[in-house]
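2 protein chains.
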Amino acid sequence: MKKRTILLIGKYKKVESDISRYKRNFFVLAIDNLLGIKSLKKHDLEKIEAIAFKGHTNFNFPIMKKFPSLKIISNFGVGYDTINVEDAKKLNILITFTPDILNDDVADMAIALYLGISRKLLDGYDWIKSGKWKSLGEMPLNRKVSGSKCGILGLGRIGFEIAKRLESFKTEIHYYSRTKKNVSSNWVYYENPVELCKNVDNLFIALKGGAATKGFVSKNFLKALGRNGILINISRGSVIDENSLLDVLEKKKIYGAGLDVFLEEPNINQRYLKLDNVFIQPHQASATIKTRQAMGDLQYQNIASYFENGKPLTVIPEMK
Amino acid sequence: MKKRTILLIGKYKKVESDISRYKRNFFVLAIDNLLGIKSLKKHDLEKIEAIAFKGHTNFNFPIMKKFPSLKIISNFGVGYDTINVEDAKKLNILITFTPDILNDDVADMAIALYLGISRKLLDGYDWIKSGKWKSLGEMPLNRKVSGSKCGILGLGRIGFEIAKRLESFKTEIHYYSRTKKNVSSNWVYYENPVELCKNVDNLFIALKGGAATKGFVSKNFLKALGRNGILINISRGSVIDENSLLDVLEKKKIYGAGLDVFLEEPNINQRYLKLDNVFIQPHQASATIKTRQAMGDLQYQNIASYFENGKPLTVIPEMK
Numbered sequence: 001m002k003k004r005t006i007l008l009i010g011k012y013k014k015v016e017s018d019i020s021r022y023k024r025n026f027f028v029l030a031i032d033n034l035l036g037i038k039s040l041k042k043h044d045l046e047k048i049e050a051i052a053f054k055g056h057t058n059f060n061f062p063i064m065k066k067f068p069s070l071k072i073i074s075n076f077g078v079g080y081d082t083i084n085v086e087d088a089k090k091l092n093i094l095i096t097f098t099p100d101i102l103n104d105d106v107a108d109m110a111i112a113l114y115l116g117i118s119r120k121l122l123d124g125y126d127w128i129k130s131g132k133w134k135s136l137g138e139m140p141l142n143r144k145v146s147g148s149k150c151g152i153l154g155l156g157r158i159g160f161e162i163a164k165r166l167e168s169f170k171t172e173i174h175y176y177s178r179t180k181k182n183v184s185s186n187w188v189y190y191e192n193p194v195e196l197c198k199n200v201d202n203l204f205i206a207l208k209g210g211a212a213t214k215g216f217v218s219k220n221f222l223k224a225l226g227r228n229g230i231l232i233n234i235s236r237g238s239v240i241d242e243n244s245l246l247d248v249l250e251k252k253k254i255y256g257a258g259l260d261v262f263l264e265e266p267n268i269n270q271r272y273l274k275l276d277n278v279f280i281q282p283h284q285a286s287a288t289i290k291t292r293q294a295m296g297d298l299q300y301q302n303i304a305s306y307f308e309n310g311k312p313l314t315v316i317p318e319m320k
Numbered sequence: 001m002k003k004r005t006i007l008l009i010g011k012y013k014k015v016e017s018d019i020s021r022y023k024r025n026f027f028v029l030a031i032d033n034l035l036g037i038k039s040l041k042k043h044d045l046e047k048i049e050a051i052a053f054k055g056h057t058n059f060n061f062p063i064m065k066k067f068p069s070l071k072i073i074s075n076f077g078v079g080y081d082t083i084n085v086e087d088a089k090k091l092n093i094l095i096t097f098t099p100d101i102l103n104d105d106v107a108d109m110a111i112a113l114y115l116g117i118s119r120k121l122l123d124g125y126d127w128i129k130s131g132k133w134k135s136l137g138e139m140p141l142n143r144k145v146s147g148s149k150c151g152i153l154g155l156g157r158i159g160f161e162i163a164k165r166l167e168s169f170k171t172e173i174h175y176y177s178r179t180k181k182n183v184s185s186n187w188v189y190y191e192n193p194v195e196l197c198k199n200v201d202n203l204f205i206a207l208k209g210g211a212a213t214k215g216f217v218s219k220n221f222l223k224a225l226g227r228n229g230i231l232i233n234i235s236r237g238s239v240i241d242e243n244s245l246l247d248v249l250e251k252k253k254i255y256g257a258g259l260d261v262f263l264e265e266p267n268i269n270q271r272y273l274k275l276d277n278v279f280i281q282p283h284q285a286s287a288t289i290k291t292r293q294a295m296g297d298l299q300y301q302n303i304a305s306y307f308e309n310g311k312p313l314t315v316i317p318e319m320k
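Just so you know, the sequences run in chain order A and B.
Under the working numbering, the first residue of the first sequence is numbered 1, with each subsequent residue one higher.
Under the working numbering, the first residue of the second sequence is numbered 1, with each subsequent residue one higher.
Here chain A stands alone, though its shape is the one from the complex:
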């Protein structure tokens, strides 16, 4: 097999990318992020046929054009909202992603955030650490999780996994999705997402990111969720009107939020850090050793498979 040139973009942890395997089969170039393209020589740019991409910055037409031989972008992750699909189509560049592998981890994180904000786990830890348990006795009471009404916005594979876990907490499941799904008849379907928000205690956002869902969860949703509502987001920060979310959190117009994702990452809005009604994590929903290893492996296999037989394993749905 002809040895092709590939470019790794992104900061990969050791388990995420088996560099020696790449090197056995390809000529390998590597940069930390898209800005690093400047450091590549013209004749290298011209030789690159595949990119293994990990990142959350825009990968669009002007950047793609810099790689005249590029045939495939293999994305590390299930979300590829920063890669412009239409631009790639124009240039005949295939995009692959790593679906499903991380569903369990992301659903687990949704439950962790839900328990974290409801049961005030950070406050509980501080209650011990600060000596208040000793001086003041029991910590303030918090909010029961089991037996609640939960709503899922977006019942794709991750939304489904969240719902399955919630069921074991004796939860009523309500969901919004563009179409009614073939799921348990106990799960209540809503055509109108704001109606869903009105009818639940806790809202889980499991929508796909990208232009179509930008700011989808607007002020109206938050108002409908109401003073006793909890919002959990493990999808993309962009799906929420973040200013409105910060406003209702500051004014206690919702009960609280559990968030793994933000509009700007890692430079998140500093208003988050002053709130006592959020439970926040640094976009780590899929950050387990097992899962990242599997994601890195699939990212590699997509490229290897493309050059072996023209058939990458997991092409994005828009290109199937």
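None of these hints come from the bench; they were simulated from the model.
There's no promise every hint is true.
Copies of one chain are not kept apart here, so a pair can be met inside one copy or by any two copies together.
Below, simulated BS3-like cross-link-like pairs (lysine-lysine); rule was C-alpha separation at most 27 Å, straight line [said to hold, decoys possible]:
#  : residue 1 : residue 2
1  : 149       : 164
2  : 13        : 214
3  : 253       : 42
4  : 208       : 134
5  : 164       : 181
6  : 2         : 198
7  : 71        : 14
8  : 290       : 134
9  : 274       : 132
10 : 214       : 251
Once you have looked at the hints, place chain B on chain A.
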């Protein structure tokens, strides 16, 4: 109905004890803890026929003897290991408790601790707060939860609820109990608890407290659990040999622990506070508003019912 004298012992939060209801039906005395008995006058002690008890200090023969008319101790909580049952029997004092009501909350807390230690939720929050997300990028990878092998020590009602929740995380369930239970045939039963520890990734302790289980989870259990094992305890601190647990945590001979209970509360061993492989909470598993309200209500009903018809609702099993 004759107005009886009752004594409330414990620090009750407002939702936990409806004082005005007590006062409508009883003469009410109240003290914060057993030490407060000293402040009661002899003729008051002699009139007290019922005690509504909330606390974690020893309630035994010498103390019970101080109340010559005492007929019932109504415990706030499912654990009554600090009330000496044999002593109460000798004095013909009934003991009631508040079972089942808090099963869901305690099982929810077990899952919260499990997610907390596995997914490094405290580290995740610190990663944002300290600015490391911005300066260093992603946080270190952590440990996948779904698809693990979990063991439950003690498959009573709370252990069962934990197992049901774990199943939704695609977990293999193994359990130890004095007798094999009539549960899903997929759940693996062990007669030997150390064998159980050898065969699982994560161990959940849901044993009953008290003399019979004191130090039950010994060094051998921890050794069998091994370097990659996580231990979760939501039952009583006394069931673990705490020094051995602290030793293996300090020496990283187990992966970590999620703990809501400790041998000494609230003055927990300060060695816990230096560890980076624990996720700890201040005995707050049942501390939700809904559940504490229901516990307080049942505590009251046990007393009221006893004086109405001699039949309290939930007598402890040893006295049935």
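Tested hints:
When the C-alpha separation of residue 149 and residue 164 is checked against a cutoff of 27 Å, the pair qualifies both within a copy, at 14 Å, and between copies, at 19 Å. For the homomeric pair residue 13 and residue 214, neither the shortest alpha-carbon distance inside one copy (30 Å) nor that between copies (44 Å) is at most 27 Å. Proximity of residue 253 to residue 42 under the C-alpha cut-off of 27 Å is found in neither arrangement, the shortest distances being 55 Å within a copy and 53 Å between copies. Taking the closest pair of Cα atoms, residue 208 and residue 134 come within 27 Å of each other only across two copies (25 Å); inside a single copy the shortest separation is 46 Å, beyond that limit.
Taking CA atoms no more than 27 Å apart as the test, residue 164 paired with residue 181 passes in both settings, with 14 Å inside one copy and 25 Å between copies. In this assembly of identical chains, residue 2 and residue 198 lie within 27 Å of each other by CA distance neither inside one copy nor across copies; the values are 59 Å within and 49 Å between. With identical chains, the CA atoms of residue 71 and residue 14 are at most 27 Å apart within one copy only, with a shortest distance of 26 Å there and 67 Å across copies. Taking the closest pair of Cα atoms, residue 290 and residue 134 come within 27 Å of each other only across two copies (25 Å); inside a single copy the shortest separation is 40 Å, beyond that limit.
Both within a single protomer and between protomers do residue 274 and residue 132 lie at most 27 Å apart by alpha-carbon distance, with minima of 21 Å and 17 Å respectively. For the identical chains of this complex, residue 214 and residue 251 are intra-copy neighbours only, at 24 Å inside a copy versus 48 Å across copies, given an alpha-carbon limit of 27 Å.
Hints 2, 3 and 6 from the list above are not met by this structure, while the remaining hints are.
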